[in-house]
Each structure stands twice: as structure tokens, then as C-alpha cells.
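With chain D held as given, fit chain Y onto it using these hints.
Which chain is which? The protein sequence lines are D and Y, in order.
Using my numbering, read the first sequence as starting at 553 and increasing by one per residue.
Using my numbering, read the second sequence as starting at -17 and increasing by one per residue.
If you're looking for bench data, these hints aren't it; they were derived computationally from the structure.
Remember, predicted model here, so these are calculated numbers, not experimental data.
Think of the CB as a built atom: it goes at the ideal place given N, C-alpha and C, for glycine as much as any other residue.
Don't take each hint at face value.
As the list claims (entries may be wrong) - Sample of chain D residues at the chain Y side, in silico, Cβ under 7 Å:
| # | residue |
| --- | --- |
| 1 | Leu584 |
| 2 | Leu585 |
| 3 | Phe616 |
| 4 | Ala629 |
| 5 | Asp630 |
| 6 | Ala631 |
| 7 | Thr632 |
| 8 | Thr633 |
| 9 | Leu634 |
| 10 | Ala638 |
| 11 | Phe639 |
| 12 | Cys642 |
| 13 | Ile649 |
| 14 | Ala687 |
To be verified - The following label-pair restraints were derived from C-beta to C-beta distances:
| # | chain 1 | residue 1 | chain 2 | residue 2 | range |
| --- | --- | --- | --- | --- | --- |
| 15 | D | Val699 | Y | Arg237 | 32 to 40 Å |
| 16 | Y | Val179 | D | Arg612 | 51 to 59 Å |
| 17 | D | Phe581 | Y | Phe52 | 20 to 28 Å |
| 18 | Y | Asp164 | D | Ile650 | 34 to 42 Å |
| 19 | D | Ser588 | Y | Ala57 | 25 to 33 Å |
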Amino acid sequence: MSTQAAKAQEILLPVKTSVIVLSLALGLFLNLLPWSGFGLLIRPDFVALILLYWCINWPRKIGFGVAWGMGLLVDVADATTLGEHAFAYCVLIYLAIILRRHVRMFNAREQVWHILPILLVSQIAILLIKVYNGAEFIGWGYFLSSVTGSLLWPPLSGLLAILLRLKPEPDQI
Amino acid sequence: MDTQLPPLFRRGPSPLARLVFFTLLSLLLFVTDARFKYLETFRLSLSVLIYPLQKLATAPSLILNRASEFFATHAHLTDENAKLNQQNQLNAAQLQRLQALEEENNQLRRLLKAREGYQGSAALAEILYSGRDLFSRRIVIDKGREDGIRPGQAVVDSVGVIGQVTRAYPFVSEVTLVTDKDQTVPVQVLRNGLRAVVFGAGEPSGLELRYMPVNVDIQTGDELITSGIDGTYPYGLPVAVVSKIERNAAYAFARIFCTPSAGVNQHRQVLVLTSPTRNPENVIAEPSSKTQAKTKKAKRGN
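Chain Y with its partners taken away, still in its complex shape:
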């Protein structure tokens, strides 16, 4: 053992002392990072150091993907083309209807002097790889701060919500999926407008509606859309479909399981909604001085 060597051969403190020192250092870092978030700049600079290696490591699979696209067969392409044409026509018809409705809606809103709905810009990003941490559900996309990505922005695919940007590095950013254990999305049941919050279950394809009373009006198959009241996700994006409900009178809350609408684990391309969602202007008017005085009086009266 090194510790039993004669003093002549000893070099510096013993391994145990070093272990204790570095453990304390790690714990200090850990607590600072987990609780106070002071180390983001430190993390950013380290990430720049790793970036070339990361780029290199993801290159082979990207090249492989591109190559397989290049060698797609003629039959496959014509088939796909026909399908896309058909889809396009359907979409065009729907789009026309949608545009008409949007116009009408905007006009009505203008009449009501209400704000116009979300008309944000979005950035198309490609998924580089799924997060390597087995304990969380994250993906890393190939757009970062340089492309205007900021933490907190919503990430969607063609169907619905996928997640939210949690960290933006210069060239890549990290998206926490809605299925992550710590991720929550404010939603609304499409059928009856009931508001709720959907939590990730930490499983590959699982979400859970928590804190809903046992007799709540939710059925299997109900669609959940974003309610937009958090100011992060714009209103009306599909989030999940209720897949199973357990109502047990012994518990205060029903257990409601959902599956995400969007292909949370499937696609290679995602959309990041880059322009900030405008928070609804303060709908409740500032209490005038009169009412304030009144409330003060009332409080004194009590």
C-alpha cells in the first residue's frame, strides 16, 4: 500500500486525504449547480471545449442518414411523391379554410380590441442525439444561442408539443421532453375546457394528470391542448391524449395516464418557437385609487 511507504517515497498528501478534498470540491460544485445556478457560464465555456469532439462523434450517424437518403430507390421516391401530393392537396384545402377563419378571427379580435393570436416565428432544428443521462429525458438539437434559441422556448413537431429548451449553448441546445420527470405543461381538456397541469412520468411515453378530483369530468380519449396561461407554450397545441383513468374513492385524486400526441421519441426534425409568446395583457384592470381606499377601509373595519 502506498500509505505504508517510508517517508522518503511519499509524495504529497495521502490518497485518502486527496479523496476527501476532491469529494468536498465535487459536493460544493454539485450544490452550487443544483441549488443556485451560478455555474452556467462555467458550463458554457466547458461546452465550447467539448463541442468539436461532440460534432465529430455525431458526424458518422448524420452522414449515414444522409447517405441512406441519397440512395433511396426510384420507386420509393415516386411513391412518396404521390403520397405527398395527395397530402398537399388535402392540406391546401384545409389551409384555405384555416386562412379564412384566421382572417375572420383576427377581425373579430380587432373589433374586440383584443390582442391578435400567436404569430411567432419558428426555427427548424435537427436532433443531434438523445441525452446520455439515463435518469432524465432530454434531447440535444443542432441550434443554439447563435440561432436565437433561448432557455424556456417551446419545442414542437408537426403534431404537438415535444418539450422545452432548458439550456442553450452557443451552437447546440438541450431540450427537456414533456415525458421528463421534472417537466410540467399547463393544459386544457379540449372537450370541456377544463384546465389542468400534465406531468412527465419519466417513462419513454408516459404523462400523468395529477391533482384532479376522483369525480373529474375526464374520459379516456380526451385530447389535452396547451392552455397558454403559462406564457411559454402558445395556446392550442396538442399535448397528449388520455389513455387510462383509475378512479379509486380511497384516494383524494384520480390517477389519469396520458400518451403524448407528438412523436416525442420519433422525429429527427423539430420546430423551436423562437419569438416569445406575449403574455396576455393584464386583463384585470389596475384597481383605481377609490377601490383601493375602499379595500383599505374594509380591512381596517375588520
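For reference, chain D alone in the conformation it holds in the complex:
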């Protein structure tokens, strides 16, 4: 149970707000890179991933308000109707909050299987709004973004841990 104990300590380590702001800005930056064509289709939603990371690993640090605000920014950046991503990210945070104790029992590689459905549900939320607004379904390739996003989860957790200058246990991440 040494890993459990280490995890319990991890929660207590202080996370500076500036680090969270920086990481979210970085996520937005990655989203804003000029993706196009197939790249755009498989582009993971970095903002969603980073929100998930903070919400799962550092509870109480970010909540619905931050996610909603980030959603609005993404909506403006992507020129979609305001509220689409805001809604999707709120769903994401809700799922993260109710599932996080469960998810944190696994290591980063096993967590992929929990992150994938969470990302899928938030993508479905966006899809529903789009279809309500008169768009047509663009094919199953739409969900590729969730797949790449969840595959990116382990390296991302590792990177963010380095960003925090923690010393992660080698068997954890």
C-alpha cells in the first residue's frame, strides 16, 4: 500500500494557481495551432485533457466555473455557437468529480480506459448541440479525437507532474 500512501501525500502538495493557469493557457495554445484536414479530425482536445487532469488529481483546485469559462474561450476561438464547449466541459467536470476516486486507484496507463468514455460523453454532448442546431453528423471519424486524447493521457500526466517538479514514483507514471 506504499503507492496509496504516496498518493495521499501528493494531494497535500501545494499546487500554485499560476501553474494551473499556465497549463490551461498551454492547452488553449495547442488547440489553436493551425490544424487542418485529417490532423484536425484526430486533434485531441488539449483543454479538456488538462481540465480533466487537474480535476482528477488535484480535487478542489478547479471546478465548474473554470471549466465553463475555458469552454467559452474555446467557443470564441473555434467560432462555434457560444455555450457548446462550455456545456461539454461542465459534463466533463461532473463525470470527473463523481469518478475521480475510482479512477485514481489505477496508474496512468490503466486510467486511459476511464478517460476515453469521459471524453466520448463530452464529445457526444457537443454533437447533440450541433445536431440540434441543424448540422449533419460527419461520420464516426468525429470520435477519433477522444481516442487520441485518451492515448495522450499517460504522457500528459507525466509532463504535468514534471511541470510541478514532483518526484513521481517510477512505477506510477
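Showing chain Y alone in chain D's frame:
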């Protein structure tokens, strides 16, 4: 689960309550934005917040493009120069003809006391990136309100119409391509002058002429040009070429597919037609009081 914690550890409302609250807030925003368009100023202020990040994100590819131009080989340049020279001569010859014709045309128009044709100014803009929304076809260009770009202006390339400015932010603006599902362009068949409206099909390179009867006089290969009757696109710009026609007597309308003439998905530079197209003056003269009286009488008679 957080919801099962003893009251001591509870902080504020439960996650579900928060989710419901923020969902309602999102839906409120969504409906206001989609139906009433009240939030454009809000969107503008948020876009200014994002602008530096956006600039930063598009910088690497721009620098890469410029660098590749810088390192172009000598042979490539001479080759291109020769080609351009040739093209230039051809163009010059055509331009002379065009100028002569334009002069003549203007004179004739003046004689007819008709308005002179479109002589608008245009702004050259560079495409920053293509829109990230998978459900629509948009591009973002590097000119905005500060450069006189306004929503509704037409965007063209050297060949024909690309789309229309739908949102203008301070420094960038958003162009909806003609292939977008919600975009329509009033056109005219060059061969016989038939007027129609071309709709975007939502595919990378697809347009559709809708609501044309099955026996309509349109052939594969027909060129479609803007008709100019909407006051947005000036008259005579090439829009599309008819690529396929399905005539099925079982349906009321023929299905006519077109491909855009302009390189909708290709170029890096586009032209925004900045000066407003003048709407044709009201050609139908105001009915005089006599005729009005007559019509009134006629109506009463009925």
C-alpha cells in the same frame, strides 16, 4: 463519492446541482447566441483576450512558409520568372482589350444614364488557418475591423468567389466558404442567363443548385457566375461549374452538383471586396399618386 461525505466536509452545492446550474447557463447563452445575436460584443471582447495566443500559435507555420520562400532555389526562381513574364504579356494584351471594352461600356452606360459598374476597392488578406469546427467550412484571415473589413463583404481569389465575411473581429475575421452548408450565393448561368441560387453542400468541394425543375436548361460544364442581385457579390464573378446532373422525373426538382471555380481550399491569399456594392437604384419608378389611386379603386372594385 463526494455526495456521501458527512456534512462537515461538504462544500457548497452538490456536483449534480452545479452541473444543472451550469448546463442551464450554457443553454441560455447558446439560445441567445444562436437565435438573437445579442452577444457579438461579448464575443469580440473575449476574442481580444485570445488574440495574442492565436497569433503565437499561427506564428510557427507562417515563419516556416516564409523560410521556405526564402530558401527557394535559383533555378526555381528563374523558371517562375519566365513563366510569370509570359503570363504577364498575355495578361497585358488581355488587359488592354479589357480597358478598351470597359471604357466603351462606361460610355454607353453614361449615355444610358445608367450607373457605372462595380469599381470597388479590395483588401489583400492572408489566410491564417482553416476553421477548427468540423461541422462548418470557414477560414480565418489576418485582416479585421481595423482594416475596414465588415461582416457581409465578399471574398474572392484570382479565379472567383470563395465566400463571405461572417464575423469581423478587431484584427482577424472569419470567412464562411461557399461550400459551407448554410451558405448561399445567387448565381446566373453564363450560357443562357438563367438565375438560380447555389447552396453549399458541406463537403470540401461541393455545391448544389437546388429547386430547379427537372427539365431545366442546364448542362454539365455550364459556368455559373454571380448575378449581383443580392447586393453582396458584384455581378459577373465565376462561382462554380456544373459537374453532374441527375434528372429523375419522380422528383419535382433536378439534382445539380457543381464544383467551385475558385480554389476554395487552396490559396493562402484572398481578396476581400471592401467597398460596398451599390444596390441597383430602384429601377421600378415609384408609383405616382394617380396609379396608386387607380389601384386603390381597383381593389375596392374587387
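Evaluation of the provided hints:
For Leu584 (chain D), the shortest C-beta to C-beta distance to chain Y is roughly 4 Å, which falls under 7 Å, so the interface hint holds. For Leu585 (chain D), the interface hint holds, the least distance from its beta-carbon to any beta-carbon of chain Y being 5 Å, beneath 7 Å. Nearest Cβ of chain Y to the Cβ of Phe616 (chain D): about 5 Å, under the 7 Å cut. The hint holds. Nearest Cβ of chain Y to the Cβ of Ala629 (chain D): about 5 Å, under the 7 Å cut. The hint holds.
Proximity of Asp630 (chain D) to chain Y holds as hinted, the smallest CB-CB distance being about 5 Å (cut-off 7 Å). Interface restraint check for Ala631 (chain D): the shortest CB-CB distance to chain Y comes to about 5 Å, inside 7 Å, so the restraint holds. The interface hint given for Thr632 (chain D) holds, since its Cβ lies 5 Å from the closest Cβ of chain Y, which is under the 7 Å cut-off. Evaluation of the Thr633 (chain D) hint against chain Y yields a held restraint, the C-beta minimum of about 5 Å falling below 7 Å.
Hint status for Leu634 (chain D) relative to chain Y: holds, with the closest Cβ pair at about 4 Å, below 7 Å. At about 5 Å, the closest approach between the beta carbon of Ala638 (chain D) and any beta carbon in chain Y falls short of 7 Å, and the interface hint on this residue holds. With its C-beta approaching chain Y no nearer than about 4 Å, Phe639 (chain D) sits inside the 7 Å limit, and its interface hint holds. Annotation: Cys642 (chain D) was flagged as interfacial toward chain Y, and the flag holds, the nearest CB pair being 4 Å apart, inside 7 Å.
Among the interface hints, the one on Ile649 (chain D) holds; its C-beta lies about 5 Å from the nearest C-beta in chain Y, closer than the 7 Å criterion. Against a cut-off of 7 Å between C-beta atoms, the interface hint on Ala687 (chain D) holds, since the closest Cβ of chain Y lies about 4 Å away. Checked against the hint of 32 to 40 Å, the C-beta distance between Val699 (chain D) and Arg237 (chain Y) comes to roughly 36 Å, which is consistent with it. Between Val179 (chain Y) and Arg612 (chain D) the C-beta distance comes to about 56 Å, which sits within the given range of 51 to 59 Å.
Distance hint check: the CB atoms of Phe581 (chain D) and Phe52 (chain Y) are about 26 Å apart, consistent with the given range 20 to 28 Å. Checking the proposed 34 to 42 Å range against Asp164 (chain Y) and Ile650 (chain D) shows it holds: the Cβ atoms sit about 38 Å from each other. Our hint of 25 to 33 Å for Ser588 (chain D) and Ala57 (chain Y) holds, since their Cβ atoms are close to 30 Å apart.
The structure meets every hint from the earlier list without exception.
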